[in-house]
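Quick note, the sequences are listed as chains A and B, same order.
When you line the first sequence up against the numbering used here, it's residues 7 to 246, in that order.
When you line the second sequence up against the numbering used here, it's residues 169 to 617, in that order.
Bear in mind the hints are in silico, worked out from the structure with no lab data behind them.
Here a beta-carbon is modelled for each residue, glycine too, at the ideal position from N, C-alpha and C.
Warning: the hint list may mix true and false statements.
Counterexamples of contact, computed for chain B against chain A with all Cβ distances above 10 Å [said to hold, decoys possible]:
{"#": "1", "residue": "W171"}
{"#": "2", "residue": "L172"}
{"#": "3", "residue": "K175"}
{"#": "4", "residue": "S252"}
{"#": "5", "residue": "A372"}
{"#": "6", "residue": "N454"}
{"#": "7", "residue": "A455"}
{"#": "8", "residue": "P457"}
{"#": "9", "residue": "V460"}
{"#": "10", "residue": "G462"}
{"#": "11", "residue": "V531"}
{"#": "12", "residue": "A569"}
{"#": "13", "residue": "L596"}
Label-pair distances were calculated between CB atoms; the ranges are [claimed, not checked]:
{"#": "14", "chain 1": "B", "residue 1": "A533", "chain 2": "A", "residue 2": "P226", "range": "49 to 57 Å"}
{"#": "15", "chain 1": "A", "residue 1": "Q86", "chain 2": "B", "residue 2": "G501", "range": "49 to 57 Å"}
{"#": "16", "chain 1": "A", "residue 1": "A163", "chain 2": "B", "residue 2": "G592", "range": "54 to 62 Å"}
{"#": "17", "chain 1": "B", "residue 1": "A533", "chain 2": "A", "residue 2": "G27", "range": "21 to 29 Å"}
{"#": "18", "chain 1": "B", "residue 1": "V570", "chain 2": "A", "residue 2": "A195", "range": "36 to 44 Å"}
{"#": "19", "chain 1": "B", "residue 1": "A533", "chain 2": "A", "residue 2": "A179", "range": "38 to 46 Å"}
{"#": "20", "chain 1": "A", "residue 1": "A113", "chain 2": "B", "residue 2": "G501", "range": "19 to 27 Å"}
{"#": "21", "chain 1": "A", "residue 1": "R29", "chain 2": "B", "residue 2": "V186", "range": "35 to 43 Å"}
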Amino acid sequence: MSAQANGEVVIETRGLAKRFGERQALKGVSFEAHRGELLAIIGPNGAGKTTLLSILAGIREPDGGSVSRPPGEIGWVPQQAALYRRLTVAENLRLFARLEGLSNADAAVEEMLEQTALGERRDDQVGTLSGGNQQRINIALGLLSRPAVLLLDEPSAGLDPRQRERLWEFVLALAGGGTTVIFSTHNIAEAERYGQRLLVLADGDALFDGTSGDLHAAAPEAGGRDFEQAFVAFLRDRGH
Amino acid sequence: MRWLFLKDLQILRRSPLVTVLLVLYPVAIAVLIGFALSRGPEKPRVAFLNEVPAGAPLVLGGAQFDLTGAKSELCSRLDCVPVSSEAQARQMVESGDALAALILPPDLVTRLESLGGLNPTQPTVRVLVNEEDPVKAGLVNDRIDSLVTQANLRISKEVSRISASYLTLLTRGGTFNLLGQTLDILGLRSSERILRGVRSELPADSSMGGALDKVIQFARLASQNLDQAQPLLTSIAHPIEVQKEVVSGSPPSLDAFAIAVAATVTLMFVTVLLVAGSLALEWEENAYPRLVRGLVGRTALLAEKVGLGVALSLAVTLLMLAGLSLFVDIHWGRLPAIVAAVLAGGAAFAAFGAAIGASAREVRASSLLAFMISLPIAFVSLVESGTVSPGLFDVIKVIRAVFPFDAALDAISGGLDASGPALGLPLLHLAILVVAYGLVARLALRRLA
Chain A
7 MSAQANGEVV IETRGLAKRF GERQALKGVS FEAHRGELLA IIGPNGAGKT
57 TLLSILAGIR EPDGGSVSRP PGEIGWVPQQ AALYRRLTVA ENLRLFARLE
107 GLSNADAAVE EMLEQTALGE RRDDQVGTLS GGNQQRINIA LGLLSRPAVL
157 LLDEPSAGLD PRQRERLWEF VLALAGGGTT VIFSTHNIAE AERYGQRLLV
207 LADGDALFDG TSGDLHAAAP EAGGRDFEQA FVAFLRDRGH
Chain B
169 MRWLFLKDLQ ILRRSPLVTV LLVLYPVAIA VLIGFALSRG PEKPRVAFLN
219 EVPAGAPLVL GGAQFDLTGA KSELCSRLDC VPVSSEAQAR QMVESGDALA
269 ALILPPDLVT RLESLGGLNP TQPTVRVLVN EEDPVKAGLV NDRIDSLVTQ
319 ANLRISKEVS RISASYLTLL TRGGTFNLLG QTLDILGLRS SERILRGVRS
369 ELPADSSMGG ALDKVIQFAR LASQNLDQAQ PLLTSIAHPI EVQKEVVSGS
419 PPSLDAFAIA VAATVTLMFV TVLLVAGSLA LEWEENAYPR LVRGLVGRTA
469 LLAEKVGLGV ALSLAVTLLM LAGLSLFVDI HWGRLPAIVA AVLAGGAAFA
519 AFGAAIGASA REVRASSLLA FMISLPIAFV SLVESGTVSP GLFDVIKVIR
569 AVFPFDAALD AISGGLDASG PALGLPLLHL AILVVAYGLV ARLALRRLA
């Protein structure tokens, strides 16, 4: 397991552990992420991806280990859109901007509407928007406080290919602007394509931290097969 | 917290069904209660056959009875349907058009008048009944029994008054009309006085002296004892006098209590459902984790929901009371007490709703739970002592103490009517429940961490 240190470390964990009853969801997970990096967290169902992100976001407290967060906000985008469906796009943004305590909530709303290209839908109730557009608003809420780190939990789940493409264009632009983006996904191809680095979790263990090429190399029996097959072979070799 | 409050109001505004229910429900309750209070209980429909000759006066002891007024009084308590014959009355009862028929026979007045004479004959009225509907039959029997008892009482009083006047005439003397002739009655006292005069004129050794002394003594004793007969006759006319003493509770008027029940039921449903649903909605919209991630504290979120419930329940309850004031008199001079009661009751119901919403975390489940808990508690809280076994009533008292309905009902009763329960204790009880249910809700929220 190796971390690629490209630039300034903005978030770092050491030995994170979390237990839910009898189940050990995280078993001493350590990693770090750098400014402007796109870090993909992948793994089978129940691997601990959402638990890890919710601890990074400060929603859950770990039972053990530590998290070193950057000064200021960490943007958090839950898997399911955390939006009020009966409020309009602008009202949702304005509400959370005010709750964030932003000095100029209206300016922040306008900025997010521009960034999400949803200015024309500003007065539409969120419940009337497509899943993709709702997810863009969901991400925009996570960006309101201009966080140094943005956490995305399964951001493309339920989106059609076109919506996914537009979503990733948006996320890449954020990373290009210096925002560290940590996202979890079930879509291995998406992780390979957009994740500059991959963190593989299985049953609460961090099994791998490196690039997609490193992961391919770590599963030599996969041969020249595609990345998803290499990933499955990697997990199988390690008993998962 | 202010922004969350405004957000909830916006969501309510955009939820027309909920908002309409919030407005329509209290208005509907107000109208129903208002009609019930202003119309009173439904009067049983009774066929009324009056065979007494028209214009026949009822004279008892020289005083004339108001028969027209008596009939009006009777028909104010029964839905009288005039009929012209016994056959028609019988047909109405048999067909179910009337629950009963009341027949006043032609000789009713004559027989009534005979009660004040020397040859009394008992008057009778006839009642034909239809007992197909046991509830209504019971009602009509009770009404007719009550009316006949009242009529008997009034006649009995009149007969006693006439008897007393005869006794007075016998004792003190006076004039008496018999068959158009006016007779002078000497009376026992005058008789005694005359006899004493005669006795004083007799020689001391007269053989008539002893016999005359006996007659004088009889006249004196009879006069003295018959003087006591008048209060005795009065006591016969009212053999039992009821002296009621209130040893516990100072009940408000029935109207005020009915209004308080309506207001408390409205307050309970509106507040509990609204707060439970509103809090559960934060989970359904997946907003809760985002909110409590440093944007809003869990306690502040609960306070906001309770505040929302209190504000809206106050508005809705006052709206309902305003609607009711179209039908019944509401003492708006007691508005501060009413507002205090509604605020305290609303806060307790809101905290209760928050505990439900935080536990259920789903709008439908929390609404169902709120309804399933609230409705039986409202019924149980209206059970009176003495109507169930003591053991069961002890259980009911615990339920009343644990849930806000009973305390809110007491507070609103006291707020509406000065003769109702004192406000202090119910307000304290509600304050304790606010804290208790607030803690339950806070613990339920903590469960997510």
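Hints and how they fare:
Against the 10 Å criterion, B:W171 falls within the reach of chain A, whose nearest CB is about 5 Å from its own CB. Distance check for B:L172 against chain A: the nearest CB is about 8 Å away, which does not clear 10 Å, and the non-interface claim fails. Not every C-beta of chain A lies more than 10 Å from that of B:K175, the closest at about 5 Å, which undercuts listing it as non-interface. Residue placement check: B:S252 keeps its beta carbon more than 10 Å from all beta carbons of chain A (closest about 68 Å).
For B:A372, the shortest C-beta to C-beta distance to chain A comes to about 120 Å, beyond the 10 Å cut-off, and the non-interface label holds. Consistency note on B:N454: stated as away from chain A, yet its beta-carbon is not over 10 Å from all of that chain's, at 4 Å minimum. The non-interface label for B:A455 is inconsistent with chain A: the shortest C-beta to C-beta separation is roughly 5 Å, within 10 Å. With a minimum CB-CB distance of about 5 Å to chain A, B:P457 fails to clear the 10 Å threshold, and the non-interface call is violated.
Distance check for B:V460 against chain A: the nearest CB is about 8 Å away, which does not clear 10 Å, and the non-interface claim fails. Here B:G462 does not stay apart from chain A, with its beta-carbon only about 7 Å from theirs, under the 10 Å limit. Under the 10 Å C-beta cut-off, the non-interface status given to B:V531 relative to chain A holds; the minimum distance is some 12 Å. Its beta-carbon lying about 36 Å from the closest one in chain A, B:A569 satisfies the requirement of being farther than 10 Å from that chain.
For B:L596, the non-interface assignment is confirmed: its Cβ lies about 35 Å from the closest Cβ of chain A, beyond the 10 Å cut-off. At about 52 Å, the CB distance of B:A533 to A:P226 agrees with the hint of 49 to 57 Å. Look at A:Q86 against B:G501: about 53 Å separates their beta carbons, and that is inside 49 to 57 Å. Distance hint for A:A163 and B:G592: a CB-CB separation of about 57 Å, consistent with the stated range 54 to 62 Å.
One distance hint, 21 to 29 Å for the beta-carbon pair B:A533 and A:G27, holds here, with the actual separation near 23 Å. The hinted range of 36 to 44 Å is not satisfied by B:V570 and A:A195, whose Cβ atoms lie roughly 58 Å apart. Distance hint check: the CB atoms of B:A533 and A:A179 are about 41 Å apart, consistent with the given range 38 to 46 Å. The supplied range of 19 to 27 Å is broken by A:A113 and B:G501, whose beta-carbon atoms lie about 52 Å from each other.
For the pair A:R29 and B:V186, the supplied restraint of 35 to 43 Å holds, since their beta-carbon distance comes to about 39 Å.
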